[in-house]
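*Asks:* Can you make the complete structure from the sequences, with help from the hints?
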Amino acid sequence: MKYTQKDQPEEPNAKTYDEGNPAEECAADEAQAITGGSTGDPAIPDVDEDDDDRVPFIEKSEEEVIAERQERQEEADEQADALRKAEEERQLEFAKQGEEPVIVIKGLKKAFGEHEVLRGVDLHVNKGENLVILGKSGTGKSVLIKCLVGLEWPDEGEITVFGKNLPSLNYRELNESRKRTGFLFQNAALYDSMTVRENLLFPLRQLKKDMTKEKKESLIMEMLDNVGLAEAIDQLPSKLSGGQNKRIGLARTLILRPELMLYDEPTTGLDTGTGKEISELMIKMKKKYNISSITITHDMTCARMTADRIIMLREGVVVARGTYEELEKSDDEWIKSFFY
Amino acid sequence: MEPVLNRYQRARIRVREKKSQWKGFFYNAGDLVAFMGRFFKEVWKPPYEWREVLYQCYLVGYKSTFLIGLTGFIMGVVLTIQTRPSMAAFGAISLIPGMVSVSVIREIGPVITAIICAGKVGSRIGAELGSMKVSEQIDAMEVSAINPYRYLVVTRTLATTLMIPLLAIFADVIALFGSYVAMNIHDATTLRHFFLVAMAHLEFIDVFPALVKTVFFGYVVGIIGCYKGYNARRGTESVGIAANSSVVAASLAVFIIDLIAAQVTDLL
Chain S
1 MKYTQKDQPE EPNAKTYDEG NPAEECAADE AQAITGGSTG DPAIPDVDED
51 DDDRVPFIEK SEEEVIAERQ ERQEEADEQA DALRKAEEER QLEFAKQGEE
101 PVIVIKGLKK AFGEHEVLRG VDLHVNKGEN LVILGKSGTG KSVLIKCLVG
151 LEWPDEGEIT VFGKNLPSLN YRELNESRKR TGFLFQNAAL YDSMTVRENL
201 LFPLRQLKKD MTKEKKESLI MEMLDNVGLA EAIDQLPSKL SGGQNKRIGL
251 ARTLILRPEL MLYDEPTTGL DTGTGKEISE LMIKMKKKYN ISSITITHDM
301 TCARMTADRI IMLREGVVVA RGTYEELEKS DDEWIKSFFY
Chain A
341 MEPVLNRYQR ARIRVREKKS QWKGFFYNAG DLVAFMGRFF KEVWKPPYEW
391 REVLYQCYLV GYKSTFLIGL TGFIMGVVLT IQTRPSMAAF GAISLIPGMV
441 SVSVIREIGP VITAIICAGK VGSRIGAELG SMKVSEQIDA MEVSAINPYR
491 YLVVTRTLAT TLMIPLLAIF ADVIALFGSY VAMNIHDATT LRHFFLVAMA
541 HLEFIDVFPA LVKTVFFGYV VGIIGCYKGY NARRGTESVG IAANSSVVAA
591 SLAVFIIDLI AAQVTDLL
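So the sequences go chain by chain: S and A.
For the first sequence, position 243 (counting from the first letter as 1) is numbered 243 according to the working numbering, and the numbering increases by one without interruption.
For the second sequence, position 156 (counting from the first letter as 1) is numbered 496 according to the working numbering, and the numbering increases by one without interruption.
These aren't lab readings, by the way, just hints derived from the structure by calculation.
Model, not experiment: these values are computed from the prediction.
Don't be surprised by glycine CBs; every beta carbon is placed ideally from N, CA and C.
Any given hint might turn out to be false.
[Unchecked claim] Derived pair list, reagent style PhoX-like, types lysine-lysine, alpha-carbon separation capped at 25 Å: (1) S/K216 with S/K284; (2) S/K179 with A/K385; (3) S/K208 with A/K385; (4) S/K336 with S/K136; (5) S/K208 with A/K381.
[Claimed, not checked] Away from chain S, derived, C-beta distances all over 12 Å, residues of chain A: (6) G409; (7) P425; (8) V442; (9) K460; (10) Q477; (11) P549; (12) Y559; (13) F595; (14) D598.
*Replies:* This is the structure:
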């Protein structure tokens with residue numbers, strides 16, 4: 001006796017099994033499971049190897065969706081090409097003026113599995129300049145700056161920091177570049193088992209072995225004075241507020257006198273007043289130590305106060321560049337949504 | 341809306357899951373071996389973090405002495421009380437010190453010490469490093485050009501490798517003392533006589549391999565704790581997972597090493 005799948009019209013290619021041979025049935029099941037063949041049931045979507053376990057029902061046909069996606073992709077690529085050309089022209093201008101950019105990124109691509117986070121980013125940062133990167137969550141802003149210190153590695157593209165292509169450096173050379181770069185993490189990333197003094201002393205003890213104890217002590221005091229938290233020197237980070245932790249994080253980063261600062265959402269999670277204080281501190285430090293920097297933020301007040309230039313990332317592609325004032329006047333609805 | 345999956349689709353999902361589980365297992369095993377190997381490369385490189393090593397030795401060694409001592413004492417007492425009736429039946433009560441010393445020094449002392457340390461020290465290391473990973477403290481070291489492996493992993497693993505053998509010796513001595521106390525419940529013997537009899541039954545082959553295997557126990561407890569913490573994923577839940585899996589993996593590794601050590605000792 002033969003049977004077909006229940007509640008299903010007989011089809012010429014419908015699979016049939018001999019009831020009396022379960023081994024054959026199992027083998028057929030397994031073969032189908034491994035080869036990824038169709039289930040033959042029109043009511044049940046076929047599960048592909050790459051698909052999620054749960055497949056949503058969609059109204060548009062597959063062809064329509066693909067065409068729409070291609071169209072969007074082409075538009076985005078055209079826009080990115082135009083901006084890339086503008087970026088190259090801008091770099092040429094600076095090169096003519098004899099200014100060497102601190103960071104030059106060309107065609108940076110990064111994907112996590114199937115998900116492409118960065119899809120060909122080009123940018124540069126000049127000496128003493130603060131470049132603000134704006135974009136919605138999940139557009140690859142943090143990944144971008146993590147690529148600048150070797151916390152993430154790009155899949156494609158060039159990252160030149162202080163004139164050296166980062167992906168081609170060995171560990172020691174990468175560390176030389178890291179010594180000239182400061183990174184302020186979103187949550188400050190203070191060592192919570194150490195006091196504020198020990199947090200600031202730790203990088204000095206590790207990297208400035210020739211420095212005398214007195215010099216280290218005076219440097220710690222100078223940095224804490226800079227951020228206005230000299231009285232917190234013997235406190236543990238857990239006893240300090242979020243804003244104070246950010247300041248200490250900034251002091252710890254600046255104690256190594258970096259030439260380049262990377263700020264990962266420096267004002268996130270802070271009230272407006274404290275956020276402004278941090279922004280002012282960033283400007284003060286930039287002027288005092290002539291630091292170039294990249295700031296990632298969603299905080300438009302911070303962007304307005306600190307940015308020399310802004311770039312906007314959307315789905316891993318730079319979609320707009322300019323000063324705060326230029327972008328504020330943009331007619332693009334998406335860009336406007338950040339400013340108003 | 342979730343579609344209802346038929347048995348073919350379910351089978352394919354199961355096969356895919358199995359494939360990814362095995363792939364993940366081999367990937368993790370390879371990663372662990374590379375992580376363990378890196379220790380031998382990094383441990384010789386200056387600068388040496390003596391201050392941190394000493395602090396970790398204090399945490400692993402000194403802070404565990406009470407727990408290890410108490411466990412050792414109970415171990416000695418229980419072993420003596422449990423074996424006494426059988427030994428008395430054979431009229432071999434005078435052999436109890438020798439039997440206890442051989443079993444404690446060869447097997448029970450090192451294994452119990454390693455298991456307690458896997459629970460106490462391994463979980464602490466896993467949770468500490470996991471928390472540092474989640475709060476980006478390890479990344480902060482990395483971007484400051486400080487080698488976090490050398491500062492965090494080498495120091496902690498070195499401390500467990502040095503301290504667990506010492507703790508095992510301490511546990512052995514206390515267990516013998518416990519046995520002496522238990523002996524005096526029914527019989528009367530002096531401490532000197534008890535230890536003389538206990539030592540008379542010990543040979544080089546009982547002591548040396550046991551000491552060597554505690555060094556390996558110390559190494560795996562430290563390195564597995566560090567590996568689990570160092571590779572914690574983002575999120576607070578992963579800290580708990582790191583601590584928990586440190587204990588499970590380190591305990592299992594201790595038993596596997598013990599099995600290998602027993603086989604090797606048997607050949608000698």
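*Asks:* Now look at each hint and say whether the structure bears it out.
*Replies:* We went through each hint and held it up to the structure:
1. S/K216 with S/K284: Roughly 22 Å separates the two Cα atoms, so the pair holds.
2. S/K179 with A/K385: Since the Cα atoms of S/K179 and A/K385 sit roughly 20 Å apart, the hinted pair holds (cutoff 25 Å).
3. S/K208 with A/K385: holds (18 Å)
4. S/K336 with S/K136: holds (13 Å)
5. S/K208 with A/K381: holds (24 Å)
6. G409: holds (27 Å)
7. P425: At about 51 Å from chain S, A/P425 clears the 12 Å cut-off, so the statement holds.
8. V442: holds (43 Å)
9. K460: holds (18 Å)
10. Q477: violated (5 Å)
11. P549: Given that every Cβ of chain S is farther than 12 Å from that of A/P549, nearest at about 38 Å, it holds.
12. Y559: Per Cβ check, A/Y559 is outside 12 Å of chain S; nearest 24 Å; holds.
13. F595: The claim stands: A/F595 keeps its Cβ more than 12 Å from every Cβ of chain S (closest is about 32 Å).
14. D598: holds (33 Å)
In this structure, only the earlier hint numbered 10 is contradicted, and the remaining ones agree with it.
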